[in-house]
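Protein chains: 2
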Amino acid sequence: MTIKNAFYAQSGGVTAVINATACGVIQAARQHPNKIGTVYAGRNGILGALREELIDTNQYSDEDIAALRHTPAGAFGSCRFKLRSIEESRAEYERLIEVFKAHDIGYFFYNGGNDSQDTAHKVSQISETMGYPIQCIGIPKTVDNDLPITDFCPGFGSVAKYVAVSIKEASLDIASMCESSTKVFIMEVMGRHAGWIAAAGALAQQEEGDAPHIILFPEVAFDKEKFLSKVKHCVETYGYCSIVASEGTHTGDGSFLAASEASVDAFGHAQLGGVAPVLANLIKGELGYKYHWALADYLQRSARHIASKTDVDLAYQAGEKAIEYALEGLNSVMPAIQRLDNGEWGFIPAPLKDIANVERFMPKSFISEDGFGITQAGRDYLLPLIQGEDYPPYVNGQPVYVKLAHNLTPKKLANFDI
Amino acid sequence: MTIKNAFYAQSGGVTAVINATACGVIQAARQHPNKIGTVYAGRNGILGALREELIDTNQYSDEDIAALRHTPAGAFGSCRFKLRSIEESRAEYERLIEVFKAHDIGYFFYNGGNDSQDTAHKVSQISETMGYPIQCIGIPKTVDNDLPITDFCPGFGSVAKYVAVSIKEASLDIASMCESSTKVFIMEVMGRHAGWIAAAGALAQQEEGDAPHIILFPEVAFDKEKFLSKVKHCVETYGYCSIVASEGTHTGDGSFLAASEASVDAFGHAQLGGVAPVLANLIKGELGYKYHWALADYLQRSARHIASKTDVDLAYQAGEKAIEYALEGLNSVMPAIQRLDNGEWGFIPAPLKDIANVERFMPKSFISEDGFGITQAGRDYLLPLIQGEDYPPYVNGQPVYVKLAHNLTPKKLANFDI
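Protein chains in written order, with the working numbering: chain A, 11 to 428; chain B, 11 to 428.
It should be emphasised that the hints constitute simulated quantities derived from the structure, not laboratory data.
Ideal Cβ positions, reconstructed from N, Cα and C, are used throughout, including at glycine.
Check before you lean on any hint, since a few could be wrong.
[What the hints assert, rightly or not] Straight-line alpha carbon distances no greater than 27 Å define the calculated DSSO-like cross-link-like pairs of lysine-lysine that follow: (1) A:K242 / B:K413; (2) A:K294 / B:K92; (3) B:K363 / B:K92; (4) B:K92 / A:K300; (5) A:K92 / B:K294; (6) A:K92 / B:K300; (7) B:K319 / A:K319; (8) B:K413 / A:K300; (9) A:K240 / B:K413; (10) A:K413 / B:K240; (11) B:K242 / A:K413; (12) A:K413 / B:K300.
[Claimed, not checked] Stretch-level coverage of chain B by chain A, calculated; a stretch enters the list once three of its residues show a Cβ under 8 Å from a Cβ in chain A: (13) 20-26; (14) 72-83; (15) 178-187; (16) 190-204; (17) 298-308; (18) 402-412.
Sequences are here, hints too, so could you generate the full structure?
Written as structure tokens, this is what we have:
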């Protein structure tokens with residue numbers, strides 16, 4: 011086996027644990043210097059390859075690479091850029107081959123969600139259609155948890171833990187105040203098309219009556235009357251009502267709640283966004299309850315301080331496994347997480363063609379009959395994903411996250427217009 | 011010294027550590043059974059006294075009381091209820107005395123912020139003006155950090171840590187994405203009149219250029235042009251702009267940026283929320299940058315999972331100290347935290363008359379010249395408050411928070427209309 015260099019890049023929305031995957035890739039590669047030469051990280055995802063903006067990861071010490079394991083977000087920069095097909099955009103693929111050749115790259119690792127696995131799949135076809143030998147391994151990552159085949163997507167376990175812990179804490183807050191003050195709390199979470207993240211809020215429930223009392227999924231059409239009736243019931247029964255709402259909550263005709271109450275702010279700009287304030291105003295208007303609402307946004311997917319150890323471990327192992335697959339000569343696969351009967355986890359190589367552009371929704375069987383909660387099956391699926399804590403080190407009261415300078419490898423090629 | 015019972019209650023907005031104070035009060039009282047008999051907790055603050063809704067804390071095991079130390083929010087319920095003066099509402103004071111007499115209560119501990127210390131102060135005057143012997147000790151609590159005399163208010167240190175950690179993490183997220191996607195992130199935090207909480211975001215900065223790049227304080231009038239110019243500068247210099255905005259951000263004429271949905275709480279305060287979307291739309295409209303925003307709301311003040319150990323320890327000690335003052339025969343005082351030269355902390359008994367209704371704003375010397383950051387003096391003040399981590403225990407991936415059943419002591423008196 012000749013020594014070839016590797017290209018690794020991070021793509022799409024980042025997570026609390028995507029750098030743990032980078033750590034797994036780089037640490038595993040460093041154990042095989044006779045097979046894998048330099049690991050180049052792409053600056054800002056696939057754009058780094060197209061622009062020949064390569065970061066030689068040998069510039070980083072073992073300590074810095076180890077610190078990636080506990081550092082959230084994308085240390086090498088990410089991007090939202092979707093490669094078109096080879097037929098549509100042959101020039102981009104020729105550019106990739108040119109860059110790969112110039113830097114002797116034989117392994118391509120792409121770490122991302124749906125669109126990114128599609129990109130990885132397209133790149134993997136280069137060997138066959140364009141004759142340049144490259145082994146392409148996709149590595150799963152997305153808080154949306156919507157990749158098929160893999161049991162879950164690294165990044166999701168940590169956002170699930172964040173949402174479960176946060177709604178538990180905020181619900182204790184409102185429970186303390188509800189007698190004479192706020193009666194409704196709404197936490198808006200990510201999930202435009204799939205309700206995985208919102209569903210995780212249900213893990214905060216331990217006994218009948220525990221918060222959150224209502225979960226709103228994109229999979230269930232919002233029914234105003236049914237919703238208000240449930241809110242009223244909760245306030246009358248428990249004294250308060252705690253709600254987790256997906257950003258993608260929409261009505262039966264498909265229109266997002268967050269877009270329905272566009273108003274103009276003090277500066278004359280249309281004010282969009284936020285299903286939580288729409289729900290809050292609805293409740294205030296129809297039921298008169300005092301409310302509070304939170305919108306977690308990036309806080310939820312970057313919250314490395316409360317990451318799930320299970321998620322961190324599997325994000326790391328997915329990176330290691332990608333190297334293993336590459337060394338085994340595989341191409342066009344993604345390490346997919348398997349839940350084993352003994353409570354452990356394993357991986358299988360899943361074909362990228364079966365993953366690219368396939369979006370996995372929550373099974374209907376995970377959503378309770380009234381549409382406002384999850385079933386035991388849903389709970390059984392979710393609970394293992396938030397197991398264990400994996401705190402970052404702290405100095406002076408703050409987590410120590412590594413920042414890697416993006417010193418680029420000298421370019422060998424002319425510029426390329428994207 | 012005869013044995014007298016004690017009344018303890020939690021008041022106003024709750025925090026991640028107010029139960030640690032309850033733990034300190036009850037554990038310390040249990041060590042002096044020859045002086046303090048039963049500690050009755052008021053159900054929902056002072057309302058529990060007026061309604062004779064008393065919770066005998068002897069019903070809880072030592073383990074349950076110990077667990078209060080790591081449980082956020084108010085285990086006995088809180089309230090937003092402000093006692094009027096004795097002249098205005100003599101009947102309420104007579105009722106208090108009636109309840110105190112009926113349950114042999116000689117100590118009154120009230121755990122809260124500005125309005126609550128005012129209530130404590132009024133109750134403390136009962137001895138003098140109405141002849142019923144009661145020792146009244148206020149205990150500081152408020153995430154707003156706006157009580158005078160005390161170095162800081164328990165609850166603030168933990169929200170400060172939450173904000174610093176969260177904005178650091180979210181800023182890493184946006185830094186990863188900014189090249190091809192989101193360029194501005196805004197995190198809205200609490201603080202109607204004082205910018206203490208927003209200021210804590212600055213602790214995430216370690217080097218020149220570090221996020222957050224802009225902090226908006228209620229103490230500084232919002233200047234649209236100056237703000238937009240700074241946002242543009244940050245995006246052009248650092249690639250992105252990370253902002254922490256106080257909910258109380260307002261223009262020179264005093265109008266809140268987020269005043270559109272103002273309603274009024276029981277204390278007569280405007281209920282705010284949503285300065286972040288206003289800023290986001292302003293930036294989008296004027297500069298065209300893609301944005302994300304988060305509104306932490308209750309998440310920030312209930313986040314026991316990332317509490318400051320310093321804050322937890324001092325919240326606990328404030329409870330212990332309140333018992334100590336009571337046993338020393340003090341009345342109408344509050345244990346005020348003192349920062350000692352050796353890096354340690356101490357307490358002094360501060361007169362409630364000097365605390366009630368006095369609101370402490372951030373010193374001007376803590377705010378940087380351009381109004382968008384903090385000075386070294388501000389940093390020196392804030393940094394000690396977030397030192398140390400104090401994680402709650404976890405079972406099955408979730409923090410274990412204690413829930414105390416509110417079994418009420420049998421009433422001896424007729425109902426009282428409030």
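For each hint, the structure was consulted:
Taking the CA atoms of K242 of chain A and K413 of chain B, the gap is near 24 Å; set against the 27 Å cutoff, the hint holds. Between K294 of chain A and K92 of chain B, the direct Cα distance comes to roughly 24 Å. Compliance with the 27 Å bound is thereby established for this hinted pair. Between the alpha carbons of K363 of chain B and K92 of chain B the distance comes to roughly 16 Å, so the proposed pair stays at or under 27 Å and holds. Between K92 of chain B and K300 of chain A the alpha-carbon distance is near 18 Å, which keeps this suggested pair within the 27 Å criterion.
Restraint check for K92 of chain A and K294 of chain B: satisfied, since their Cα atoms lie roughly 24 Å apart, inside the 27 Å limit. For a cut-off of 27 Å, the pair hint linking K92 of chain A to K300 of chain B stands: about 18 Å separates their Cα positions. Taken as a hint, the K319 of chain B and K319 of chain A pair is honoured in the structure, with Cα atoms around 22 Å apart against an allowance of 27 Å. The hinted pair formed by K413 of chain B and K300 of chain A meets the criterion: a straight-line CA distance of about 24 Å does not exceed 27 Å.
Of the supplied pair hints, the one linking K240 of chain A and K413 of chain B holds, its CA atoms being roughly 24 Å apart against a limit of 27 Å. Proximity of K413 of chain A to K240 of chain B is assessed by CA-CA distance (about 24 Å); at most 27 Å being required, the pair is judged to hold. Between K242 of chain B and K413 of chain A, the direct Cα distance comes to roughly 24 Å. Compliance with the 27 Å bound is thereby established for this hinted pair. Taking the CA atoms of K413 of chain A and K300 of chain B, the gap is near 24 Å; set against the 27 Å cutoff, the hint holds.
Counting residues of the stretch 20-26 of chain B whose C-beta sits closer than 8 Å to any C-beta of chain A gives 4, which meets the bar of three, so the coverage hint holds. Remark: the stretch 72-83 of chain B is confirmed as covered by chain A, as 3 of its residues place a Cβ nearer than 8 Å to a Cβ of that chain, reaching the required three. Only residues whose C-beta sits within less than 8 Å of a C-beta in chain A count toward coverage, and the stretch 178-187 of chain B has 9 of them, enough to reach three; the restraint holds. By the rule of at least three residues with a Cβ nearer than 8 Å to a Cβ of chain A, the coverage given for the stretch 190-204 of chain B holds, with 4 such residues.
Judged by the Cβ-Cβ criterion of 8 Å, the stretch 298-308 of chain B is covered by chain A as claimed, because 7 of its residues qualify and three suffice. With a cut-off of 8 Å between beta carbons, the stretch 402-412 of chain B has 6 residues touching chain A; three or more are needed, and the interface restraint holds.
Hint compliance for this structure: every hint is met.
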